[in-house]
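Colleague: Chains as they are written, first to last, in our numbering: chain A, 1 to 671; chain B, 672 to 833; chain C, 834 to 973.
Among these hints, one or two may not hold up.
[Claimed, not checked] So the derived label-pair ranges between C-beta atoms look like this: (1) A:His76 / B:Gln748: 34 to 42 angstroms; (2) B:Val758 / A:Ser165: 27 to 35 angstroms; (3) B:Phe783 / A:Ser613: 48 to 56 angstroms.
[To be verified] Derived, one-sided and incomplete: chain C residues facing chain A with beta-carbon distance under 7 angstroms: (4) Phe849; (5) His869; (6) Asp895; (7) Gln899.
Bear in mind the hints are in silico, worked out from the structure with no lab data behind them. Computed from a predicted structure; not experimentally measured. Where is the CB? At the ideal position from N, CA and C, for every residue including glycine.
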Amino acid sequence: MENLGALAVLLAFCLSIYAVFGSAVGALKKKPFLILSAERAVYSIWILLTLASSLLVYALLTGDMRLAYVAGRTNHAMPTIYKFTAWWGGQEGSLLFWSWILSSYSAVVTWTNRRKFRQIMPWVIAVLMSTQCFFLILNAFVESPFQVLAVGKGVVAVQDGRGLSPLLQYWAMAIHPPMLYLGYVGFVVPFAFAMASLITRQPGDAWIHTTRRWTIITWLFQSCGIILGAGWAYAVLGWGGYWGWDPVENASLLPWITATAFLHSVMMQEKKGMMKVWNMALISATFLLCIFGTFLTRSGIVSSVHAFGVSAIGKYFVAFIAIGLGACVYLILSRLDYLKSEAHLESIVSRESSFLFNNLILLASCFAVLWGTLFPVITEAIMGEKVSVGAPFFNRVNIPIGLFLLFLTGVGPLIAWRRSSLESLKRAFLWPTVAAVLLVAVLIVAGIRHFYALMSFGLCLFVAATIVSEFFKGSRAIAARNNMNLVRAMVELTHRNTRRYGGYIVHMGIVLMFVGFTGAAFNKDDTVEVGMGETFRLGKYEMKVREIQDGDTPNYMWQRAIVDVRKGGEQVGTLRPERRIYKASQEPNSIVGIRRRLNEDLYLNFASMSQSSSDKAVIQAFVFPLVSWIWIGFGVLFAGSIICLIPPKVRLQYARTEVVGVVQKHAKVEK
Amino acid sequence: MCKNMRRLKSRFLLAALLAATLALGSTPLQNPEVRRIGKKLGCQCGCQSSLTECNMLQCHFADPARAELLRMVDSGQSEAGILKAFVDRYGKAILREPPTEGFFLIGWVMPFVATAAGAVFLWWFVRRKLRPEAAAAPAAELSSEAYARYRDRIEKDLAKLD
Amino acid sequence: MILIFAVILTIGVLAFTLLVRAKDLPEPEPVSPVQHLDERKARIYENLRDLQFEYRVGKLSDEDYQRTKQDLQRELAATLAEIDAIVGKTPKTATAAASSPSQAASKAEASFVCPNCNARFEHPLKFCGECGKPLQEGNQ
Numbered sequence: 001m002e003n004l005g006a007l008a009v010l011l012a013f014c015l016s017i018y019a020v021f022g023s024a025v026g027a028l029k030k031k032p033f034l035i036l037s038a039e040r041a042v043y044s045i046w047i048l049l050t051l052a053s054s055l056l057v058y059a060l061l062t063g064d065m066r067l068a069y070v071a072g073r074t075n076h077a078m079p080t081i082y083k084f085t086a087w088w089g090g091q092e093g094s095l096l097f098w099s100w101i102l103s104s105y106s107a108v109v110t111w112t113n114r115r116k117f118r119q120i121m122p123w124v125i126a127v128l129m130s131t132q133c134f135f136l137i138l139n140a141f142v143e144s145p146f147q148v149l150a151v152g153k154g155v156v157a158v159q160d161g162r163g164l165s166p167l168l169q170y171w172a173m174a175i176h177p178p179m180l181y182l183g184y185v186g187f188v189v190p191f192a193f194a195m196a197s198l199i200t201r202q203p204g205d206a207w208i209h210t211t212r213r214w215t216i217i218t219w220l221f222q223s224c225g226i227i228l229g230a231g232w233a234y235a236v237l238g239w240g241g242y243w244g245w246d247p248v249e250n251a252s253l254l255p256w257i258t259a260t261a262f263l264h265s266v267m268m269q270e271k272k273g274m275m276k277v278w279n280m281a282l283i284s285a286t287f288l289l290c291i292f293g294t295f296l297t298r299s300g301i302v303s304s305v306h307a308f309g310v311s312a313i314g315k316y317f318v319a320f321i322a323i324g325l326g327a328c329v330y331l332i333l334s335r336l337d338y339l340k341s342e343a344h345l346e347s348i349v350s351r352e353s354s355f356l357f358n359n360l361i362l363l364a365s366c367f368a369v370l371w372g373t374l375f376p377v378i379t380e381a382i383m384g385e386k387v388s389v390g391a392p393f394f395n396r397v398n399i400p401i402g403l404f405l406l407f408l409t410g411v412g413p414l415i416a417w418r419r420s421s422l423e424s425l426k427r428a429f430l431w432p433t434v435a436a437v438l439l440v441a442v443l444i445v446a447g448i449r450h451f452y453a454l455m456s457f458g459l460c461l462f463v464a465a466t467i468v469s470e471f472f473k474g475s476r477a478i479a480a481r482n483n484m485n486l487v488r489a490m491v492e493l494t495h496r497n498t499r500r501y502g503g504y505i506v507h508m509g510i511v512l513m514f515v516g517f518t519g520a521a522f523n524k525d526d527t528v529e530v531g532m533g534e535t536f537r538l539g540k541y542e543m544k545v546r547e548i549q550d551g552d553t554p555n556y557m558w559q560r561a562i563v564d565v566r567k568g569g570e571q572v573g574t575l576r577p578e579r580r581i582y583k584a585s586q587e588p589n590s591i592v593g594i595r596r597r598l599n600e601d602l603y604l605n606f607a608s609m610s611q612s613s614s615d616k617a618v619i620q621a622f623v624f625p626l627v628s629w630i631w632i633g634f635g636v637l638f639a640g641s642i643i644c645l646i647p648p649k650v651r652l653q654y655a656r657t658e659v660v661g662v663v664q665k666h667a668k669v670e671k
Numbered sequence: 672m673c674k675n676m677r678r679l680k681s682r683f684l685l686a687a688l689l690a691a692t693l694a695l696g697s698t699p700l701q702n703p704e705v706r707r708i709g710k711k712l713g714c715q716c717g718c719q720s721s722l723t724e725c726n727m728l729q730c731h732f733a734d735p736a737r738a739e740l741l742r743m744v745d746s747g748q749s750e751a752g753i754l755k756a757f758v759d760r761y762g763k764a765i766l767r768e769p770p771t772e773g774f775f776l777i778g779w780v781m782p783f784v785a786t787a788a789g790a791v792f793l794w795w796f797v798r799r800k801l802r803p804e805a806a807a808a809p810a811a812e813l814s815s816e817a818y819a820r821y822r823d824r825i826e827k828d829l830a831k832l833d
Numbered sequence: 834m835i836l837i838f839a840v841i842l843t844i845g846v847l848a849f850t851l852l853v854r855a856k857d858l859p860e861p862e863p864v865s866p867v868q869h870l871d872e873r874k875a876r877i878y879e880n881l882r883d884l885q886f887e888y889r890v891g892k893l894s895d896e897d898y899q900r901t902k903q904d905l906q907r908e909l910a911a912t913l914a915e916i917d918a919i920v921g922k923t924p925k926t927a928t929a930a931a932s933s934p935s936q937a938a939s940k941a942e943a944s945f946v947c948p949n950c951n952a953r954f955e956h957p958l959k960f961c962g963e964c965g966k967p968l969q970e971g972n973q
């Protein structure tokens, strides 16, 4: 069976090479048969990879311990769902998963465009399949998931496997990697369209229109993946943070930042035909950073103890990234005339320049994160001395950048396209600014002295106020004209331009998330050693350990403290922080007890049993103010993105060019 | 009775396991100074978090290091002295941020330098784009009579918008 | 057993990929020579509509509104002129018929003539703008 899987991967690899050359040659020599055959190859690859993946999943589910991958990632006692998620729980499987998602995306793109964009589609397929080919090389020759355990010449099976890392046996972790991969891989598609239209010098911005929804969905997947990772870190890792600036986390953040920049700057191209080179550069950077992120995650170049002990897979990634970068740079530079801007700036105070500024700041934070992630590697190469770049560095550098970005989020939407006179800006900014200043004054009076926290709260209110006023003014205008009440007018307003108002809602989500981040300035924590019946305090909470229990399941052993929480003399709940030791891997894991509230979370972690007396537990207690707003903000962001995807209600009515014979296809103009 | 026995047995099992694994544990973390300074020191076990936050049971690095840290704090050493002692023993990599001296300063300055460079470039770019002759709009210059000819048509279409 | 399945799989996949029949080829897609200009036109109309709304909401001063509107109208006129120049004929749209630019015909002193209906074009087209028949033989 493993032979069949390996054969499928190998065949897919051959077909991907065929598809690259078939479609490129077909496009150059205008051979429709070759092009169609290359398209068929795309479907074939999907079928083959689906087969290979299902074989792997089948082996995982049935516990075929002859396979090295299965033995390394599962054990018999694991819940079935985690046996399934072990597909992406390890190196080889997750690379296969990457390949499979890419092939699925490619098949969808090829199918939906089978009659459209005949000029660029061969090149889209060529780009997609080059990436596919790269990953299939890894699947087939470097990190094959179908390796069997062998002693001498015989294939052997081990009794039981080592089990999935217990840290990953958590619901958010089961869906976090697929989300992130869907995001990572998804950006290959807009990238492929961009490159294809660059190669063929396609007039117009068809690639942007076609891939707009795609880009938003992909961006949303990436956001989901990142936030699920944060939620997982918060609930599982037991140190109470949601973001640790770990290289792997940074790797997922980098393409997200450039993608965000792209989503903004692409509007300038759509509206005015400007910034074409820049958009090409951004989509290429996003693609390359997605690959780079996979590289960082997979090769262990940065996080491993020996920074330069690049595993075999690293070389392939470096080569692929280098080729990709070279190709992008060459294509863009050789076609600068094609990317020439159609318009110029009318005024410095304009939406255009606010977008430019926003891009600058986004890229600055992207650079800061990238730089911090790679700095240890750089110092080791140059100075021969290792340093660490941890969370304190990233926080220090990124907090000011983030706050500035928040500020721009508020300012940008109020400035009109092309030009905005200062007096209309004054009018627009008066009340938000007053509100923000008032809030800061109140907070100072209330005793908050933390500079960044004050700034952040002030800016959050400022941005929120500008967004609300945008909605309010817009719906008031519609309500007055169409005799509607304000709520209906607001729905109508959003429906007319879903993209803009959905975008504002996304901004609102970001604001709420910033409120949550800012809460971290007021964290409290304590570590205590308590026995049954003893109490300890943290902030307003009084906690009494009612009982310390322990037990055993086939998969793990556990210890649990039952802690009654009292606040102001009143019982408000019971938390059950737990510590597990997984039998297969002998790895510990904590299940923290969290009391989630809008104003603050109480967070208890069962760190260990005490060393001094065997019936006492070491409990770490934390109070995290406002943390829930991060998850709420994400919910709002999610809703906003979904609204962006809804087709807008108003289609434009105007006289269209009619060229007889082509009317039906091209007179339809999407907004 | 029987249930109690089982409980006891599983407890014994766990205790045995823990006794083997627990040499020092997280007890030193009860000291707030240890927690505070521990946040500035990175755990070297591969977990990427700080000494305070490393959450591994029986971490071969964090546990002894925390005990050492507690000893130093208890003996009244200053924070700078403690950090220096750790750097002397484990190298600069134990600090969670690069030192602010010599070559490592580049690490700190670079993001801001890059941002400033970007801002300068942006300024140049905006200036260039503002100059009317940079307006490379295709056929943007339309004679006023040609413009007048299209005007009716546009006005008519505009009336239909919205 | 595995071997048989492997052989079937290989042959099946290769056959599916390589055996392309003529009737499987997608219909050639008509390419409008002015598609990108139409897109630009749509974009400018959209900008105008947006501008109007923002003005009504009160985000723009009167002067900003007038100037931006002027700019957009000029761009629109330029785009329309460009479309007319490429199509090389009077647009058949009802609204434009009244004020059709008469210079359009003279501009198309052309090098590309439709063999079917003798219409003349300035640019090489895949399909005739008048009668819709393919212009270049042997393209397919």
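Colleague: Given the hint of 34 to 42 angstroms, check if His76 (chain A) and Gln748 (chain B) actually sit that far apart at their C-beta atoms.
Modeller: violated, 52 angstroms
Colleague: May I ask you to test the interface hint for Asp895 (chain C) with respect to chain A, counting a Cβ-Cβ separation under 7 angstroms as satisfied?
Modeller: Hint violated; Asp895 (chain C) Cβ to chain A Cβ min 10 angstroms, cut 7 angstroms.
Colleague: Interface hint check: Phe849 (chain C), Cβ to nearest Cβ on chain A, cutoff 7 angstroms. Holds or violated?
Modeller: holds, 6 angstroms
Colleague: Holds or violated: His869 (chain C) as interface residue toward chain A, Cβ cutoff 7 angstroms?
Modeller: Hint on His869 (chain C): holds, closest Cβ of chain A at ~3 angstroms, below 7 angstroms.
Colleague: Is it true that the C-beta distance of Val758 (chain B) to Ser165 (chain A) lies inside 27 to 35 angstroms, as the hint says?
Modeller: Distance hint for Val758 (chain B), Ser165 (chain A) holds at roughly 32 angstroms.
Colleague: Between Phe783 (chain B) and Ser613 (chain A), does the C-beta distance stay in 48 to 56 angstroms?
Modeller: Holds, since Phe783 (chain B) and Ser613 (chain A) (Cβ atoms, about 51 angstroms apart) stay within the stated range.
Colleague: So, as I understand it, the hint says Gln899 (chain C) touches chain A; can you test that by seeing if any CB pair is closer than 7 angstroms?
Modeller: Since chain A brings no Cβ nearer than about 11 angstroms to Gln899 (chain C), farther than 7 angstroms, the hint is violated.
Hints 1, 6 and 7, counting from the list given before, are not met by this structure.
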